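From just these sequences and the hints, can you work out the full model?
So the protein lines, in turn, are chains A, B, C and D. Numbered continuously in the numbering used here, the first sequence closes out at residue 266. Numbered continuously in the numbering used here, the second sequence closes out at residue 1266. Numbered continuously in the numbering used here, the third sequence closes out at residue 2266. Numbered continuously in the numbering used here, the fourth sequence closes out at residue 3266.
None of the hints are false.
Some chain C residues near chain A, calculated using beta-carbon distances under 10 angstroms: (1) 2046; (2) 2048; (3) 2149; (4) 2164; (5) 2168; (6) 2201; (7) 2204; (8) 2205; (9) 2207; (10) 2238; (11) 2239.
These are computed hints drawn from the structure, not numbers from a lab. For clarity, every value in this text was computed on a predicted model and none was experimentally measured. Positions of the beta carbon are idealized from the N, C-alpha and C atoms, including for glycine.
There are 4 protein chains.
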Amino acid sequence: MNSLRARIYHQMNPMDWEGPGMSPVNSTVLTLVIASVVIAVLQSEPVIDSSVPTLFFLLNGTFAAIFTIEYGVRIWAMGVDPRYRGLSGAIRYSRSVVSLLDIVATLALWIDVLFGVPGMYGVMLRLARALRILSLMQNSRMGTAIRLLRRAVRDRTMELSLSFLLAFVVLIVAATFLFLAEGDVQPEAFGSILRAMWWAMATLTTVGYGDVYPVTILGKFLAGLVAMTSIAIIAMPTGIMAAAFSDAFQELKRDHAVGGNAATEI
Amino acid sequence: MNSLRARIYHQMNPMDWEGPGMSPVNSTVLTLVIASVVIAVLQSEPVIDSSVPTLFFLLNGTFAAIFTIEYGVRIWAMGVDPRYRGLSGAIRYSRSVVSLLDIVATLALWIDVLFGVPGMYGVMLRLARALRILSLMQNSRMGTAIRLLRRAVRDRTMELSLSFLLAFVVLIVAATFLFLAEGDVQPEAFGSILRAMWWAMATLTTVGYGDVYPVTILGKFLAGLVAMTSIAIIAMPTGIMAAAFSDAFQELKRDHAVGGNAATEI
Amino acid sequence: MNSLRARIYHQMNPMDWEGPGMSPVNSTVLTLVIASVVIAVLQSEPVIDSSVPTLFFLLNGTFAAIFTIEYGVRIWAMGVDPRYRGLSGAIRYSRSVVSLLDIVATLALWIDVLFGVPGMYGVMLRLARALRILSLMQNSRMGTAIRLLRRAVRDRTMELSLSFLLAFVVLIVAATFLFLAEGDVQPEAFGSILRAMWWAMATLTTVGYGDVYPVTILGKFLAGLVAMTSIAIIAMPTGIMAAAFSDAFQELKRDHAVGGNAATEI
Amino acid sequence: MNSLRARIYHQMNPMDWEGPGMSPVNSTVLTLVIASVVIAVLQSEPVIDSSVPTLFFLLNGTFAAIFTIEYGVRIWAMGVDPRYRGLSGAIRYSRSVVSLLDIVATLALWIDVLFGVPGMYGVMLRLARALRILSLMQNSRMGTAIRLLRRAVRDRTMELSLSFLLAFVVLIVAATFLFLAEGDVQPEAFGSILRAMWWAMATLTTVGYGDVYPVTILGKFLAGLVAMTSIAIIAMPTGIMAAAFSDAFQELKRDHAVGGNAATEI
Chain A
1 MNSLRARIYH
11 QMNPMDWEGP
21 GMSPVNSTVL
31 TLVIASVVIA
41 VLQSEPVIDS
51 SVPTLFFLLN
61 GTFAAIFTIE
71 YGVRIWAMGV
81 DPRYRGLSGA
91 IRYSRSVVSL
101 LDIVATLALW
111 IDVLFGVPGM
121 YGVMLRLARA
131 LRILSLMQNS
141 RMGTAIRLLR
151 RAVRDRTMEL
161 SLSFLLAFVV
171 LIVAATFLFL
181 AEGDVQPEAF
191 GSILRAMWWA
201 MATLTTVGYG
211 DVYPVTILGK
221 FLAGLVAMTS
231 IAIIAMPTGI
241 MAAAFSDAFQ
251 ELKRDHAVGG
261 NAATEI
Chain B
1001 MNSLRARIYH
1011 QMNPMDWEGP
1021 GMSPVNSTVL
1031 TLVIASVVIA
1041 VLQSEPVIDS
1051 SVPTLFFLLN
1061 GTFAAIFTIE
1071 YGVRIWAMGV
1081 DPRYRGLSGA
1091 IRYSRSVVSL
1101 LDIVATLALW
1111 IDVLFGVPGM
1121 YGVMLRLARA
1131 LRILSLMQNS
1141 RMGTAIRLLR
1151 RAVRDRTMEL
1161 SLSFLLAFVV
1171 LIVAATFLFL
1181 AEGDVQPEAF
1191 GSILRAMWWA
1201 MATLTTVGYG
1211 DVYPVTILGK
1221 FLAGLVAMTS
1231 IAIIAMPTGI
1241 MAAAFSDAFQ
1251 ELKRDHAVGG
1261 NAATEI
Chain C
2001 MNSLRARIYH
2011 QMNPMDWEGP
2021 GMSPVNSTVL
2031 TLVIASVVIA
2041 VLQSEPVIDS
2051 SVPTLFFLLN
2061 GTFAAIFTIE
2071 YGVRIWAMGV
2081 DPRYRGLSGA
2091 IRYSRSVVSL
2101 LDIVATLALW
2111 IDVLFGVPGM
2121 YGVMLRLARA
2131 LRILSLMQNS
2141 RMGTAIRLLR
2151 RAVRDRTMEL
2161 SLSFLLAFVV
2171 LIVAATFLFL
2181 AEGDVQPEAF
2191 GSILRAMWWA
2201 MATLTTVGYG
2211 DVYPVTILGK
2221 FLAGLVAMTS
2231 IAIIAMPTGI
2241 MAAAFSDAFQ
2251 ELKRDHAVGG
2261 NAATEI
Chain D
3001 MNSLRARIYH
3011 QMNPMDWEGP
3021 GMSPVNSTVL
3031 TLVIASVVIA
3041 VLQSEPVIDS
3051 SVPTLFFLLN
3061 GTFAAIFTIE
3071 YGVRIWAMGV
3081 DPRYRGLSGA
3091 IRYSRSVVSL
3101 LDIVATLALW
3111 IDVLFGVPGM
3121 YGVMLRLARA
3131 LRILSLMQNS
3141 RMGTAIRLLR
3151 RAVRDRTMEL
3161 SLSFLLAFVV
3171 LIVAATFLFL
3181 AEGDVQPEAF
3191 GSILRAMWWA
3201 MATLTTVGYG
3211 DVYPVTILGK
3221 FLAGLVAMTS
3231 IAIIAMPTGI
3241 MAAAFSDAFQ
3251 ELKRDHAVGG
3261 NAATEI
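Here it is in structure tokens:
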């Protein structure tokens, strides 16, 4: 029995799994999580939901049951880890962030099933969960790629934050200019810095919905300057990312050249 | 006779052609394929099609005849290759992916000519065919460039897939937020996560058609955050690409420095 | 007393502060500046302003008083620096750009408080001030990041200017083409090169509001070419930025490898 | 006299000018060319043109006279160069591309002045001329930057062309898909591959005017895929550019480290 418990533990802990990619148990759980997300997305659509309501009820009930059982098995299997041994260990595990995520997501699903309150609020939690399992994968190209991306972003967090801070300053300055230029002509869209920020945001990110745009000559001239600035706003983080990835790729290559087990240190 | 067959084989197989760029036969075939694509594009336009219908009929008939003859010649010339010798070899070749592409594209053209059923479904197949011939070019700057691009993309497939996976997760999260914020006010555009995904897609790729956009303050605030995220969504694959190209260029340069025939290994 | 003055000087001069990050005094000033910017943004919104007018009056009055006192303390503390010693030194300091920024921003706030004239014109000045304090931070990751970004941009100023110059040339050429193609059909939007520049700007930066767009076949064809060019317009500065950051990161790494105090030379 | 001629030749030939930046004569000519472009842009605007028609008439007359004199002086000064000595040399020079550009641009201006036919068709020619003078500058940071950009683009012309070719293939494929999905519902916008290309172009470049967009579920799904692809369409040339600039910067640095005159070989 203990052997089964240890085996399930090895299957459930991605850091502990020595085979390539994900363990069968985690693959199954991940597939179910993705399936439940897809179901939640489909169910939120009234046309689909009203045509097959019982199907969604049954599917969500099944998901809720499976996730509840999975949680029970997980807390039992975690007892293999000395930190989570015995009842006090189980309680300690149940209070970890991952466990709380599990509990809330499963509860949201049960509330959906039992009381008909839409459970799509749990969608993001389940996605976070699915991504966490993915990111901890060992011995797989995907796991290496995740660590590479994370490393590149983490190494340059400060520069990326700074470029977003700068973008925010430009956003406020742009909104102020357009408020001054167009505030009187289009009070609905540019009647305050706050309102003009909606336009500034759409312009600086080059989304450009076109629901609001300047109509005066001064406003158009300033908008042209802001739009030109948008190129810099996009070029800066992209350039930082490019340099960071270039860096991270080269370090990875050097690590591989030095020795095999260095890769696990990433 | 066998000498002509061998010469045609050398002309048709881009890997076997030793001259610079494409062989005359392949250049002609490529030109015809591109011409047939242009014709299909023009023919799909009713204004153009109705003004010169006979012209298109004749052109497509000619193309169909040429591509049929070309296919016959190709299967005959392929017999030079030991793998495709004799009738059994011809049958083996005819079942290869390239050959099936040829057959389907040519059949689509014949159906168009004989029964008037628009053959533009064959457009993509013919384009794929044209690109395949291009990508196999030896001894040409274009061929080297294609292998360089392919290498850069292939080396970082996992990282690029991951950044698209992340973009998809952000898409669902963004759609869920906007569905919660705007679902009641604009049920047509944001009445379900599925519907909100159309908006989220347009925003995260910075396309921003402007057919749907949030109108509430909370919706606009969340949309602003999503639009800001779009910069990261674009910056990530661009940065990966930049680093991958930088890498591939340097490897290419090293290969050239080491020896000439290393280039063919790309 | 002199000891207090020296301590305040050390706290106020970011170049002189030896602790990590910002000094407590500068952190407080920065927080207040950011708060006053947020207040100015909120106050510009009529709906918010009219609901709590006295609150904004009191807040702005407090900010004006604090910034006035801060300025007095600063000019007094600057006397520790030999350059700004005595009355003549205080006058010399008060005529520096930073000091004039402070005076104008504080005056704008007082005019707002006393005469009810909106003081949001001072918003940009205060932001500039806040960013200046930030950028001079020593011994902090943020300060290093700022110097890195500044270095990357400064090293490639000429190339970036050139790419913006090129973008401007393309803008005029694009506007001329569309003016010739659409000027007669849509005189309001494309009736002159100047008018067509609004469209060209929105297209080349990929903002694409959609308030104006070509309707003739020639206009759409030319617009397609212009839109294709927009990719190059964005790719050029982004590529320059990426290379510049890559360069600056590597120099930074080399500096760190050589010696610790090299970092202060950035 | 000959001394004056040689001095003017040295002033007019940017490759021959040994001072920093541009020679006084070329600076003046460039300023006039830019001024004439600005005038042409302003004159095309009916509101401005009708308010001060005589001013534009006089300005254009002055420009036409100056450019005519400048051309005469240039052809005379070019006689210093052995290639362009004597009458036969002057005729040879007058048939060079640069000279023909000059003649056409000046003629366009004279036609505008004398017959009132708008001369803005000469705008592009004059801009090309101005950029040519700029690009030949020696001993200046701008000249170095121009050669750097040109080198980076030229080194990767094939890869950049290829990424644009790929973008064009995606454009046709995207247009074909949307034509099949939306052709019947929105015949005006998607009734042929040709018509759908306008939408595909706006989407793939992320301009997104919003004048046409899919309305069916299948159309929106396909449009979402196309929009996702647009990220790759932008990421590819940007990545190539970034790698090319990174390369060109490093070569430039190496050149500077090796010797001073290597820079002129760029």
